Amino acid sequence: MTSIEAIGRARATRRLNPTVARYLSAFRTTRGIIGLTLLGILVLAAVLAPVLFPGGYDQQGSTSLTGMSAAHPFGLDEFGRDILTRSVYGLRIDLSLIFAAVPLSMALGMVLGLAGAISERLGEAVQRLFDVVIGFPGLLLGICLVAVLGPGWLALFLTILISGMPTAGRLARAAWLSQQSREYVLAARVLGVPKPKVLTRHIVPNAMDSIVVNGSVWMVIGVYIEAGLSIVGLGVQPPTPSLGVLLNNGLRFVTQAPTYLIGPALILVLLALAFSLIADALNEAVNR
Amino acid sequence: MSNPTVVATAARPDSGRALLRVRNLRTEFKVGQGRVQAVNDVSFDIHPGDVLGIVGESGSGKSVTARSIMRMVRAPGEIVGGSVEFGGEDLLLLPEREMRRRRGSGVAMVFQDPQAALNPVMTIGDQIIEALTLHGTEKRTARGRALELLDQVGIPDSGVKIDQYPHQFSGGMRQRVVIAIALANDPVLLIADEPTTALDVTIQAQILRLLLRLREELGLAIAIITHDMGVVAEMCSRVAVMYGGRVVEQGTVEQVLRTPRHPYTAALLAAMPRLDDERLGQPLPAIPGSPPDPSALPPGCSFAPRCRFAEDGCRHEVPALLQVGDEDQLSACFVAQRGVAVNVTPAFDPVAVDPVAAEPVPVEDVLVEHRTAVDTDTVLEVRDLRVDVGSRRRGLFHRDPPVYAVDSVSLAVHAGETVGLVGESGCGKSTLSRSIVGITPVAGGSVEVDGEDVTSMGDEQVARIRSSVQYVFQDPYASLNPRRTVRQSLAEALSLRGLRGAELEAESHALMDRVGLRREYLDRYPHAFSGGQRQRIGIARALARRPKVLILDEPVSALDMSIQAQIINLLEELQRELGLGYLFIAHDLSVVRHLSDRVAVMYLGRIVETGTAAEVYGDPQHPYTVALLSSSPTPTVEERTREQIVLQGDLPSPANPPSGCRFRTRCPIGPLVHPERTICAEQDPELLPRHNHQAAACHFPGELL
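If you're matching them up, the sequences are chains A and B in order. Its first residue numbered 1, the first sequence is counted upward by one per residue in the numbering used here. Its first residue numbered 1001, the second sequence is counted upward by one per residue in the numbering used here.
Source of the hints: derived by calculation from the structure; they are not laboratory data. Accuracy of the hints is not assured; some may be wrong.
[What the hints assert, rightly or not] One-sided and incomplete, this derived list gives chain B residues near chain A with beta-carbon spacing under 7 Å:
hint : residue
1    : 1462
2    : 1463
3    : 1468
4    : 1471
[What the hints assert, rightly or not] Per label pair, the in silico range of CB-to-CB distance:
hint : chain 1 : residue 1 : chain 2 : residue 2 : range
5    : A       : 111       : B       : 1113      : 37 to 45 Å
6    : A       : 34        : B       : 1528      : 26 to 34 Å
7    : A       : 34        : B       : 1197      : 30 to 38 Å
8    : A       : 122       : B       : 1510      : 52 to 60 Å
9    : B       : 1653      : A       : 122       : 33 to 41 Å
10   : B       : 1498      : A       : 122       : 30 to 38 Å
11   : B       : 1482      : A       : 122       : 25 to 33 Å
12   : A       : 136       : B       : 1502      : 50 to 58 Å
Remember, predicted model here, so these are calculated numbers, not experimental data. No residue lacks a Cβ here, since even glycine has one placed at the ideal position from N, Cα and C.
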C-alpha cells in the first residue's frame, strides 16, 4: 500500500461522522453560541458553587428580608441568608435533576417507542401506555409519586423521567414507521441484514435528530416541573434550596420583600433561555 | 460573446418576425459566497407556430431559462442580463404589475407536476374561473368559458368534471386541466416545462397529441423543456440543446437529429439505446464523465472534459454559438466551426478525460454475438404469484377486500439471461419484484430460487437462499443511507458473507474496481457522488452478496441521459463476466430492447405478452404491446410520420379490474371499437403460445400491427 493512500485513509477516518458534524454545526450559529455560552456560565457557576460561596447555602445572618444591595445582589431571605448563594446552590439541584433525568427519559422513551419492531402488538400496547402518561398532567403525576416516595430529589427525578418518555417514544415510532419504507432500509433487508441490526444501523440514527431536539426542549420543561412541584411544597425540602423552593419562599414574602423573587426567577429564565436557544439551533441544524 | 449584434445576425436571419426573442440571457444564483451561472448568454427566437424544444440534462439550465422568460426566478436566483423581447417590449424591463398581466394572457406556463400545480381544496372549475377572472373575464361568462376550455383539452363529461376536485382526476387528466388553465386567457406562447415527464408513455402520447392539436387549432407557439430526445423528435420543429447553462446547438429538428453539429448532441444521440437498435450485444458508445456541476463549470467549453474532439483551445476559451453547415444550424464548438464532422460514430476508443471529473468507463472491444436461445439453468422461477396489497388495514370487525396488484404471474429467469419486464406505472411490476425478494408478502403461488421454493421455507433457510437474489433500486439517492460511508454500506453486505478484516477490505476494493469506481471513494459519504456513481455503489452493494439474479428496478430511469449508457454498459459487462440473470424492470422500451433477451409485458397485474425481445418488438401480438411500442417516442426524425396508436383513458384500478380481459376498456381492437366482440368482456383470455417462444393473452392476437 502506498503512503499516499494511507494518508488519505487516515484523513478520511478523522473526518467527522456526518450526524455529529450536523449537531456541532448548530453551535456555529448565533443562537447556538449564545445558548451554549449562557448554559456554560450557569453550569460553571453551579459546579463551582462551593468555591464561589464557601460558606454554604445555610449561613444565617442577623438582618433578614432586605432588598438588593451591592453586598447581596439578590438580597437576604427570611433567615438572613444570601439569596444569590442559595440561587446558585439551587441551580445545582435543578441541573443535576435535568441532566440525570432528561437524557435517560429520552433514551428509555426511544427504546419503548421502537417496541413495535419486536412485535406490532407490543408496539401498539406501549403507545397506549404513553397515552395514559400523557393523560396525566405532569404535576398530578408528581403528586402521586410524592405520595408514594415522599418529597425530594428522587420523586422529582422520576416525575421528569416518566413524563418525558411519551414524546420521545412517539418521535421514535414516527421515525421508525417512516424509515421502514425507505429504500436503503429495504436494501438492507434484501441483503439479509438481521432486523436488530437494521434498527440500530439505519433507523435509530435517523430517529436521533428529532429526539435530540426534543431532549433540549425537555431540559426546560424539567426545570418547570421542578419549580412547579417545589412551589406547592412537594419538591426539594428546606433548608436545601432549589429554584422552585426559592420561588415558593419568595411568593410567601412577596408583600414584605417584593425583590425576593427576582433573583431566582432571573436564573430560571436564563436557564430556560439557554436551553431554548440550543433546542432552536439544533432543530435548525438537523433540518438543514 | 460580448457583441450583441453578432448574436442577432447569427441567431436567425429573419428574426424580425419572431414572437419571442431571447438575447444574451443570464441568470445567476447566489450560493454562499459565490455566484452560480445557471443560464449563461442564452439567445434564441420563437416564431409564431413554432414548437421549440429546449433539451438538456439536469443542471443544464433549461428550466431556469423558462422561468427567466416568465420572470419567475426566485431568490437567491436573479436575472442579471440580456433581454426577452415579446410583442415589441422587453419583458425584463416591465414593472411587476405589467408583467403579471402578460403571464397567462401573453405567455403561459405548464409545469411538470400536475399534482403540485393544482390546489387540492378547490374544484378544478373554480381554479380555471380564477385564472379567467384575474385577467378580467366577467364572473357570469367565466363558467361557460371554463367548460369550453375543458372540452378543448379533451376532458370527457366536462359538465360533471368541472365541479370535481383534483384528486378525482388521474395524472394525465390533471395535466389536461393544467393546460386548460394555461390556455384560459388565450396566450400566444405556451411554455411547457417537462409536461409529460411524470406520466406514462401511453398518457404521454395523449398529452403530446393534445399540445400539437392545440397548436393547430389556436395557432399557439410552444416551447417544450425536456430531457427526452424522443419527445423532441416527435413534437418540435426547432430545437436548442443546452449544456452547462449555455445553448450549445440550435437548429431545426431534422438538422440537429440527422446531422448534429455539436459533439455533445452527437455523442448523446449515439449513446441512446433505440427501439430499432442494430447494436444489440454491443456496448453503447457512452459519454464518459458526468454533466458538470453548475457551480464549478470548467473554464472553457463546458463539454471539453468529456469531449473526444477537445483541443487545447476548448479548455481555455468558451466557443460562441455560430452558424455551422447549412442555413441556420448553430453550434458552439470550435471544432465543428472549422468544418469537422462531429457526428461520425467513433470507433470506440478510450478518451483521455480528466480523471477527477470523469467516471471511468469500462471499455469493451469484443463484440459479443447476441444471445437468443437460452439453455442455461433456471435461477429464478415465479409460478402463479399473487400479491395482495389491499387487506393490510384490518380493523377489529372487518378486513378490507383483497386487491391483487400482481395476479397469477409466472416467469423464469435463466443464468446469464436478461428478462425485461415492461408496463405502465401501477401495473404491478414493482410489487412483483419486491415480493420476489421478500419485502412484500406473497398471497399465493411460489417463488423458486435455484430450484428451491422459498415461499414454503423457514426464516433462516430463506435468508440464505434469498441472498442469491439481489435488488438494485431505481433512485440511487434514496437507496443509500446518507449517514453511512460507501465502505460501511459495502461492509454491511460483505460481513453477512462472513468476511472480516483484511478479507473484507480486499473484497470491497474488488467490488469498487468491478463497478468502475476508485478505491479512495470508499470513505466518502453518498452525498459526495453523482447519480451515476451512486447507482454504481448500489450495484456494488447488490453484488457483495454474490447473487445469481439481480432484480433491476428501473436502474437508469433516474439518471441523466448521458449517464444511462454508462450504467447499461456496466450491467452488460457484469452479466457477461459473472453469468448473472437479470430481471430488468423499466418503462423505457428502448432500454429494455437493448438489454433484454426475453421480454414480458405487464398490464394491471397480469402478464399479457411474453417472448424473445426480437419477437415481441418485431411482431407484437397483444394490442397493448403494440400500443406501448407505438407510444414510445424515438429520437429519430424518420419516425415522425408514422401512424401512432394512442390509447384512450387511464389504467383501471386493480381493486376493481374489468371483467373478462383486463385491457378491454382501452383496447383499440376490443369492444370499444367492435361492440360485437362480447367475448372480451366475458372471458379472461389465457396466456397462450403463438410462435416459438411468444405467448399473448388476447382473444384476437396479432390483429393489430
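Do the hints match the structure? See the list:
1. 1462: violated, 9 Å
2. 1463: holds, 5 Å
3. 1468: Interface hint status for residue 1468/B: violated (10 Å vs cutoff 7 Å).
4. 1471: With a minimum Cβ separation of about 5 Å from chain A (threshold 7 Å), the hint on residue 1471/B holds.
5. 111/A to 1113/B: 37 to 45 Å: holds, 40 Å
6. 34/A to 1528/B: 26 to 34 Å: With Cβ atoms ~33 Å apart, the hint holds.
7. 34/A to 1197/B: 30 to 38 Å: The hint (30 to 38 Å, Cβ to Cβ) is violated, given that residue 34/A and residue 1197/B are roughly 46 Å apart.
8. 122/A to 1510/B: 52 to 60 Å: violated, 42 Å
9. 1653/B to 122/A: 33 to 41 Å: holds, 35 Å
10. 1498/B to 122/A: 30 to 38 Å: holds, 32 Å
11. 1482/B to 122/A: 25 to 33 Å: Holds, at about 30 Å.
12. 136/A to 1502/B: 50 to 58 Å: Since residue 136/A and residue 1502/B have Cβ atoms about 56 Å apart, the given range 50 to 58 Å holds.
Hints 1, 3, 7, 8, counting from the list given before, are not met by this structure.
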